[in-house]
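Trainee: The primary structure of each chain is shown beneath.
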Amino acid sequence: MTNGVAELENTDTIFIIGSNTATAHPLVATRIFRALEKGAKLVVADPRKNQIAEFADLYLQHKPGSDVTLLNGMMKVILDQGLQDQAFIDANTEEFDGFKALIDGVDLDACAAATGLTVDGIEQAAALYAKAGTASIVYCMGITQHTNGVDNVKSLANLSMVTGNIGRESTGVNPLRGQNNVQGACDMGGLPNVLTGYQPVTLGAASKKFADAWGVDELPTQIGLTIPEMLSGIEEEKVHALWVMGENPVVSDPDADHVVKALEKVDLLIVQDIFLTPTARLADVVLPGCSFAEKDGTFVNTERRITRVRKAVEPVGESKADWEIIRDVSNAFGFEMAYDSPEEIFTEIAELTPSYGGVSYGRLEGDGIQWPCPTPEHPGTPFLHKDGRFTRGKGLFHAIEYKGPAEVVDAEYPLWMTTGRVYAHYHTGTMTRNSVALDREIPEGFLEIHPEDAAAIGVCDGHRVRLASRRGEIETRVSITERVEKGVVFMPFHFEEANVNKLTNPSFDPIAKIPELKVCAVAVEKI
Amino acid sequence: MEYKTTLTTCTYCGCGCNFYLETLDGKLTNTIPCKTSPVNEGKLCIKGWNVHQFVQNDRRLKKPLLRKGGELVEVEWEEALAYTADRLKAVTAEKGGDAVGFLASAKVTNEENYLLQKFARAAIGTNNVDHCARL
Amino acid sequence: MIETIKQHVAGLLTEKKIAGFLGLIEKNGHVAPHLFKDGESLAGFTLGDRKTAGDARYPLNKTLVTLSRAYPEETFGVLVRGCDERGLYGLFRLNQLTEDRVIPVGFSCPAELSEACECRKPYPDSLVAGEKTESSQLKKVAEMDGKDLARRFDFWTAQFVKCVKCYGCRDVCPMCFCKECSLECEDLVAKGDLPVEVPVFHLTRAMHMADRCVDCGLCDEACPSDIPLRLLYKKTAQIMDTDYGFTSGLNKNERSPLSQMGPAK
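Protein chains in written order, with this note's numbering: chain A, 1 to 527; chain B, 1 to 135; chain C, 1 to 265.
Hint data in this document are derived by calculation from the structure and do not stem from the laboratory.
Glycine included, each C-beta is placed from N, C-alpha and C at the ideal position.
Keep in mind that the hints are not guaranteed to be accurate.
What the hints assert, rightly or not - Derived CB-CB ranges, DEER-like:
(1) A:K131 x C:G29: 37 to 45 Å
(2) A:T347 x C:E73: 18 to 26 Å
(3) B:Q56 x A:A205: 41 to 49 Å
(4) B:E74 x C:S126: 53 to 61 Å
(5) A:H463 x C:D100: 57 to 65 Å
(6) C:K191 x A:E497: 13 to 21 Å
(7) A:Y361 x C:A111: 34 to 42 Å
(8) C:G146 x A:P374: 25 to 33 Å
(9) A:A91 x B:K89: 34 to 42 Å
As the list claims (entries may be wrong) - Over 12 Å on every C-beta distance to chain B, these chain C residues come out as not near it, computed from the model:
(10) A56
(11) P59
(12) V161
(13) M207
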């Protein structure tokens, strides 16, 4: 997030797109509810009418995958009506003219047709966002999990820059991070192209600094493989060993049957987890890690706030903290690691990572610290890009043309399917389905379907159906609801026995390599 | 009698709520949201309130498992570590560091992610490190 | 005030009248529930006032029930405000705690907190420190009653639909201890995705609170959607008071009329 969560409380207009906020990020919804109490306007755009949409001043039920069209339409209205912040654009951005040329060519009637909305709806959304004193964009995986996910995000950046809603309190472009420490995993260089703090692996100086600190002659400087590339690398016999720490790709990744085949094929599969997950069941060796409650460390939340994780109980059985397991394997491998505590590791991280330079365990007592925090005196950074100062210098406009989803509905697979979370479960359910109260709350998966579609295949609420895509098929029960439009179905992905990711499309965004989990074509039939 | 409250950060979504894990004689008994946390101000969602329940669940893995004769069987740490290191050495020697891939995790701590990518880059010599940021 | 309490507790611990004292401590830059087992550890003791009076209160009685179940022979001290003590009386009456195994250490709330809570009795009987603060009037309930039925209904519907079904109102409640909870009974409250079944979920809980709620307000503070639950439960408590002359925990030995068989008194 460019801005802090609490800042949302004082925003004049909140624009939520592709986020089921009340369900997936309830404590962010808290701030949105408070903003509404204070008179804020809320615009929600989502193919599924989720709970937060109930509170919207304007709800736009656009077609899955049509986000760029909607956003370009809004920006067309903004430029046509002169609602842009020209002073901000002139002072702080680049490439506005090319962007404007593309937007000038946008046809609002065509936008309305492609999104399934009305021109009036698009105009109202544009006015509510652009006329606000402060406007925040909140988005989540509904924006990113598309083959044009990067385009979607760039379009949101365009929208914020064209109205000057960035670099000030209570504005910004605010992706809600879906996992407790996805921010930290990225910050720590858990990516194929960067070391800690986003220092590129291809940059000689950074590479040398790390090589020196780690006591090796050199580090690899070629960008590595992403998860989908590792899986295809296994098939092509380029990747022969895979070490999976605390992930469950068999349930979380698209086209699950394909994932299983790759994991069965790889010569060596090492899985480190706390339960015997469907992924761990395929392993050659399973190393029992321990949960957050059994170890010390730090997590980074969606607003870049680093806070402490503290050990409450001893690890169960002979399980070990994951840092101990890596250390022990490394030592057995012959690369010496002599850490005695997570704090020691953190000190090394702070020394090598400019944005963490001023952070220490001592300073994390109390409220924690929002990075960047380069020095011990630095208070941390609640919001980024202050006064229009972007990381790269000036904010760059991108002219984004709409590209449709990789897979579209046809006679054989006539329904659009989108996926998401429910309030009582988390991701692949490894933890929540092993929690008594949560399992009792929602014990099984379901398919949300519009009443007319349900009638067409002859099912009532609770009936079981077979759901198929070009990649596989599953069985589940139906929940009939008008939350989804006719022609669109929704299914949560927490349930391995009705694993919706057997159906989802592994096609991915060419830049971010994020798969198109939010759109695919399916067929449903009564069992 | 040992009753303890431990302030920590939630392991579920990216909100990063703070709460106390309540323990009595080494057993987790309850989760209590931290009233003074700037993030959640004494509030939690249903997952947060019940976060202590999975930790000491019977189905947790308690020993390393190694595939022998097609089945995963419990082994001692020493054997599991030696196996893992030896097999990694063999793959790296035969096929090179880029024949190994690493999935770091949005579930584990910063310190642990840091160590895994350090091992991948410095010991194995590959940038094949990724995690489910995209999922 | 805090020094008086510390001295009192240190005395109880030294004389071995209690196995431990359940109170609040400053640690990690925050306020946490804590079991003090000796006088020395009392250095970090706090009353739970941070930015405003009483803003870092915790459901200590709930923890006390857990401790007492594990150690039924031990006697514990516990830090109480007026509302907490009403809770203790309720828990004695409902056989969740044994009176002679609990030593309440009470202190009074300041007038500002009493007013914010609209508290009927902002001090405990077992007052160790502080003066008996004056009780406050129920203004918010009267204000709500002044609105017509349609507006009240709209107000509450709009509030309930915000619910994210965390069950925090129940989980934080020192008076909720049932092993089986009506809120989880599918025959009463429909299950499925959010929002919850309106208004059944919240009204079921309100009914159950009528003769239980001790007006501590922890539910209000725990609600991620800022639903004014306390106001709702104050209303049900008011009905109990007006119609049956009963207020939960106000008189130590009084039993709820809802748990008595036979003709009304």
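Trainee: Determine for every hint whether it applies to the structure shown.
Mentor: A quick look at each hint next to the structure:
1. The supplied range of 37 to 45 Å is met by K131 (chain A) and G29 (chain C), whose beta-carbon atoms lie about 41 Å from each other.
2. Take T347 (chain A) and E73 (chain C): their Cβ atoms lie about 47 Å apart, and the range 18 to 26 Å is violated.
3. Distance hint for Q56 (chain B) and A205 (chain A): a CB-CB separation of about 47 Å, consistent with the stated range 41 to 49 Å.
4. Range check, E74 (chain B) to S126 (chain C): about 55 Å between beta-carbon atoms, so the 53 to 61 Å window is met.
5. Between H463 (chain A) and D100 (chain C) the C-beta distance comes to about 58 Å, which sits within the given range of 57 to 65 Å.
6. Distance hint check: the CB atoms of K191 (chain C) and E497 (chain A) are about 18 Å apart, consistent with the given range 13 to 21 Å.
7. Taken as a hint, the range 34 to 42 Å holds for the pair Y361 (chain A) and A111 (chain C), whose Cβ atoms sit roughly 41 Å apart.
8. Between G146 (chain C) and P374 (chain A) the beta carbons are some 56 Å apart, a value that contradicts the proposed interval 25 to 33 Å.
9. Evaluation of the 34 to 42 Å hint for A91 (chain A) and K89 (chain B) yields a failure: the beta carbon distance comes to about 57 Å.
10. Distance check on A56 (chain C): its Cβ comes as close as 5 Å (rounded) to a Cβ of chain B, failing to clear the 12 Å threshold; non-interface status is violated.
11. At roughly 7 Å from the closest C-beta of chain B, the C-beta of P59 (chain C) falls inside 12 Å, breaking its exclusion from the interface.
12. No beta-carbon of chain B comes within 12 Å of the beta-carbon of V161 (chain C); the shortest separation is about 17 Å.
13. With a minimum CB-CB distance of about 22 Å to chain B, M207 (chain C) clears the 12 Å threshold, and the non-interface call stands.
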